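As a plain string of letters, each chain reads:
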Amino acid sequence: MRSLRVKRHGSHALFEVGGTRRADAPGDVVDDVGVAVNGRAARGAIEVDGLTWRPYGRRAPVLRDLSLSVAPGERVLLVGPSGSGKSTLLRALAGLLETADAGERAGTVTIDGAAPGARPGAVGLVLQEPGAGVVSATIGRDVAFGLENIGMPRAAMPARVASALASVGLDLPLDTPTAALSGGQTQRLALAGALALTPSVLLLDEPAAMLDAENAAGVRAAVDEVVGTLGITLVVVEHVLGPWVEMVDRLVVLDDQGIIVADGPVGETLDQERDALLSMGIWVPGAPAPAPLAVPTGVFVPAAAGDPFPGHASGMPWSAPTGSGVLTVTPVLHAEPLTIVRRTHTVDGIDTSRVAAALPEPLEVRAGELVALVGASGSGKSTVLHTLAGFLRPASGTVRLAGTAEESSTSQPGDPRTQATNRWIVNTGGDPRTQATNRWIVNTGGGPRTQATNRWVVNTGGDPRTQVTNRAIVNTGVDPATLDARELAARLAWIPQWASSTVVTGRVLDEVMLTSRALGRHDPNLDTRARHLLDALGLGHLTDADPRHLSGGEQRRLAVAAAILHGPAVVLADEPTVGQDRHTWAAIVGLLAAYRAEGGAIVTATHDAHIVERAARVHRLDPQPRAQTPRTGRPWLAGRAPLALLAGAALAVPVGIMAPGGWTSAALLGVQFGLAVAGLVSRAAGVGRPLRALATRLLPGLLGALSVAWSTWLLGGHRIDLAVNGFLRVLLIVVPSAVLLPFIDTDRLGDALAQRLRLPDRPVVAVAAAMHRMQAFGELWAELGRARRVRGVGPSWRRPASVARHVMALTVGLLLRSLRAAADLAVAMDARGFASAATSRRSWLYAARWGVGDTLLVLLAGMPLAAVLVVGRLGLG
Amino acid sequence: MTASLSTTTARPGSIRASAPLMAWRTVDILTIAFLGAAFGIAYWGWGLAYEAPAAPLKALFPPLAGITGAPWLIAGVVGGLVVRRPGAALMCEVVAALVSMIPGTQWGFTTLISGVLQGLGAEVGFLLLGYGSFGLAAAMLAGALSAPLEAVYEWLVYWTDWAWGYKIAYLFILTGAGAVIAGGLGWVITRALAAAGALNAFPPGQEARESRAV
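Residue numbers (the numbering used here), protein chains in the order written: chain A, 1 to 877; chain B, 1 to 214.
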């Protein structure tokens, strides 16, 4: 398969690859670099000469006088500690250093003697984060993006798109939504997008770091296949070397100064540099996992708070005990089998709901235990964690967190009704004095069914008021969704996959102590404990730094430390070790182990086999089938051209302004309603649901119209007729918008704006790319809010200042993430020739279609305007 | 904070976008599109929430609704402050309006018209300063100028039958709130983004680095 390879020289290269041992035979010396491949002229020679790059704002250069030659068809694995400039070097090889950063550059980079950008797409680049380079909402459009940039004729595109998708094994319809792909499929899509432009060099920036083993293997197989078949020069950055070593010829090692410290045939170099690589934190094949970092004892508040009855054997959790004096050990978190349903409500009246995730069996975790959730990406592990934290309400099943010790450790002999904190006793049946199985619910206030802190007192026989054996008290637990921010933070911590999302303060030390302070815990040792913890994690010198300026690995360690310093009973950790080097891995595993040793409980979603083997129990989640969007029976409006929908909405504005008011306006509004219903009715949904959907859509407009009417009455001389006219005017303007605008397809809108309205190509493409991430931005907003809430800093409606702070923090957080997404996408798009579209007109995979129906829509929507003009001319108003 | 604030506002000129001014880089275009989309989400959310503070203000004196209207002017200011190229403010505000319009607002298509008018106003503010000044004063000017066209348009569509005195009051209140809320807050947000290291490819990022350097 591979027609061009530099064989390795080392005769002692011996290492494990994918479970098999391989050794290279001595004397295997071949150097056929530069030979033509399959009759094609060899291309893809990389020459780097004296490259230095110092981004503005950094004292030291990231790359320092770096020189490197890569022969055509050579396969290079580029490694180095985090922060050594590997990704920067890849961007330099693609000619994209200054695309999303500014700095001082010296030296040259050439590909086959020319600047890297000389031929658009000559250097293909795949980024680490799946989806960072996705441009379009469907996979066909996404692969065609580069071809459009170089102005390829429309007729030639489909074949190239199809062959690029086939070469990476993505055998899916071209209109498959990019959002429906798994992480591994998304990375293969990025590969296909690069391959469509027939690159001579392929650069991969940790393409499998965020993927589970199966998806990662799929990506590597696709790379191996296309690079071998096409003879492309390959440079891969990775810090998990194992699976790549077999595929590459050469290993280049950068040190933390951005200097090449080793370079040679992969087997030999790996042998020689093994210790250096290990000390850089690189995952060297065959090396055992690093020893978890030792965290000093006494750093955490003992998390035993989560175990209300320490020292008792496990009984029947979550049911009232039946025997005399039985006390149950309560799990700190317990979930009955969960089903989480995601509903999508579309304006055409069709509700689609699908099971987003399902936890098939009960889950519980006790003090000191680790429970793992495993399953392929897309199986809903994060969704289940969200539900366990109370962020999402399950469609079926329940989640309970244990109450805290001070609430539940007191057993109460005697009459519960005389106890100081008891307020309510409910007999569950019969006369309590005669029933052997009476259960008394003792409540500390309020209705027992709504209280989070219900305790069950079980009478073991006789009159409970006189029995001293009334001891069995079980805390029925708390639904986390009912807790306020501080109550939740005291019990539970959540470490989201995006560590940087959770940054709240501007200083590392404050960040670690944030939740302890928010909970109002006055611990004189807090500062000392925080500093000890930061020291142990290798962050001791950064206590005064801004957390957002830390590296990814440092932010990850900080996020874990900040989540657990205050000693919550249970921690929910979403992929805590994914993509981390050995150093950060050891720190996180050590941190979680120390926290467990203090009685903390952990539920983690993970692909990491080392973590899974530490788990007391493992729950496997299966991916849920995706709902198919119904293609037939959709309302007439669903297929209309975006410009027709916009025009229909726009035509209503002059109608509202010019309408004479009174019965004429009311009649016009009636016409609009009639048209709206006609356009919304569909075979699938009948008439009733579109009408209900229409009512929902119109509610905001109705409120706006009422508000205008009221202010008109107040400020227009208290005249009812003017107020009614104002009300009708606003409705005339907004009713068509409410009906039409939600049907706009953003990709088709881009086609239309560029091809029909002739707006500049590049802004149109950028806006379409931003718009199809709207959903993701909305989810991000929710996630940022949760990250704050679970750390005890959520807003309280009683304190408007806290709400304002909260909204401001979420806005800035959303902007930060969108800026980073824009910078990543700029790099990915320029790697596919987007910059070259600035000088020449792009072509488009799809024409902006306009049919008879679209003309009809505009004519119908224009009827009220025509009527208004006629009425005005005739002077009937 | 106060020290660096005074040095920034005292400096006569800000760092301009790289020459030529009209040569938008890919990252400029994408940043405006993405900032616009993010503000669009926030605008949409504000559209759901703003009645809570707006209702008591309107009960007090209806033109005070201009205060709760000012947050919708912020995208243009931030877009202009970040990218500093002709058209940045306009495009950012229009994208924000477009994004907030599509899921459905109480104002329908007029949201987009407002976005164009507000963006044009902010753009005029930066144009008057020759795309060379981006301090707090410039931000407040852009924020203030976002308001007049919008206010006049709202007279036409929504406040048609208000007495003239109220219309004029609304114009002035929206303009003042635009200067303070959209201009001031936009400037604060831009500085926060630069301090977080998110604007390294843009002039505000460079200014933030220089203010940190001793």
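By construction, these hints were calculated from the structure, which means they are not laboratory data.
It is possible that some hints are incorrect.
Unchecked claim - Reference listing, derived: stretches of chain A covered by chain B, where coverage requires no fewer than 3 residues with Cβ under 8 Å from a Cβ of chain B:
hint, region
1, 486–494
2, 556–562
3, 600–609
Said to hold, decoys possible - Taking beta-carbon pairs under 7 Å as the criterion, some of the chain B residues facing chain A (in silico):
hint, residue
4, P20
5, M22
6, T26
7, I29
8, A59
9, F61
10, A163
11, A192
12, N200
13, P203
14, R209
Said to hold, decoys possible - A short list of chain B residues far from chain A (calculated; beta carbon distances all over 12 Å):
hint, residue
15, L21
16, I32
17, G36
18, I74
19, L129
20, G130
21, L136
22, G176
23, L193
24, G205
All of these numbers come straight from a predicted model, not from anything done at the bench.
All C-beta atoms in this analysis are idealised placements derived from N, C-alpha and C, irrespective of residue type, glycine included.
Now the hints, each set against the structure:
Note: the region 486–494 of chain A has 0 residues with beta-carbon separation from chain B under 8 Å; the three-residue rule is not met and the coverage is violated. Under the rule that three or more residues need a Cβ within less than 8 Å of chain B, the assignment of the region 556–562 of chain A is violated, with 0 such residues. Coverage of the region 600–609 of chain A by chain B is violated in this model, with 0 residues showing a Cβ closer than 8 Å to a Cβ of that chain against a need of three. The interface hint given for B/P20 is broken, as the beta carbon of that residue sits about 12 Å from the closest beta carbon of chain A, more than 7 Å.
Interface hint at B/M22: violated, since its Cβ lies 11 Å from the closest Cβ of chain A, which is beyond the 7 Å cut-off. Nearest Cβ of chain A to the Cβ of B/T26: about 5 Å, under the 7 Å cut. The hint holds. Hint on B/I29 holds. Least Cβ distance to chain A is approximately 4 Å, under the 7 Å limit. A least Cβ separation of about 9 Å between B/A59 and chain A goes past the 7 Å threshold, and the interface hint is therefore violated.
Annotation: B/F61 was flagged as interfacial toward chain A, and the flag is violated, the nearest CB pair being 10 Å apart, outside 7 Å. Look at B/A163: its Cβ gets to within about 6 Å of chain A, closer than 7 Å, so that hint holds up. The restraint placing B/A192 at the interface with chain A holds, with a minimum CB-CB distance near 5 Å, inside the 7 Å limit. Using the Cβ-Cβ criterion of 7 Å, the hint placing B/N200 at the interface with chain A is satisfied: the shortest such distance is roughly 6 Å.
Violation of the interface hint for B/P203 is found here, the shortest Cβ-Cβ separation to chain A being roughly 9 Å, above the 7 Å cut-off. Satisfaction of the interface hint for B/R209 is found here, the shortest Cβ-Cβ separation to chain A being roughly 4 Å, below the 7 Å cut-off. Distance to chain A confirms B/L21 as a non-interface residue, since its nearest Cβ pair spans about 15 Å, more than 12 Å. A beta-carbon of chain A is positioned within 12 Å of the beta-carbon of B/I32; the least distance is around 7 Å.
Here B/G36 does not stay apart from chain A, with its beta-carbon only about 7 Å from theirs, under the 12 Å limit. The Cβ of B/I74 does not lie farther than 12 Å from every Cβ of chain A; its closest approach is about 9 Å, which violates its non-interface assignment. Here B/L129 stays apart from chain A, with its beta-carbon at least about 23 Å from theirs, past the 12 Å limit. Every beta carbon of chain A lies more than 12 Å from that of B/G130, the smallest distance being close to 22 Å; the non-interface claim holds.
At roughly 17 Å, the least C-beta separation between B/L136 and chain A is larger than 12 Å, which holds for a residue marked as non-interface. Interface exclusion of B/G176 from chain A stands, the closest Cβ pair being 19 Å apart, more than 12 Å. Distance check on B/L193: its Cβ comes as close as 6 Å (rounded) to a Cβ of chain A, failing to clear the 12 Å threshold; non-interface status is violated. The Cβ of B/G205 sits about 7 Å from the closest Cβ of chain A, inside the 12 Å cut-off, so the non-interface label is violated.
In this structure, the earlier hints numbered 1, 2, 3, 4, 5, 8, 9, 13, 16, 17, 18, 23, 24 are contradicted, and the remaining ones agree with it.
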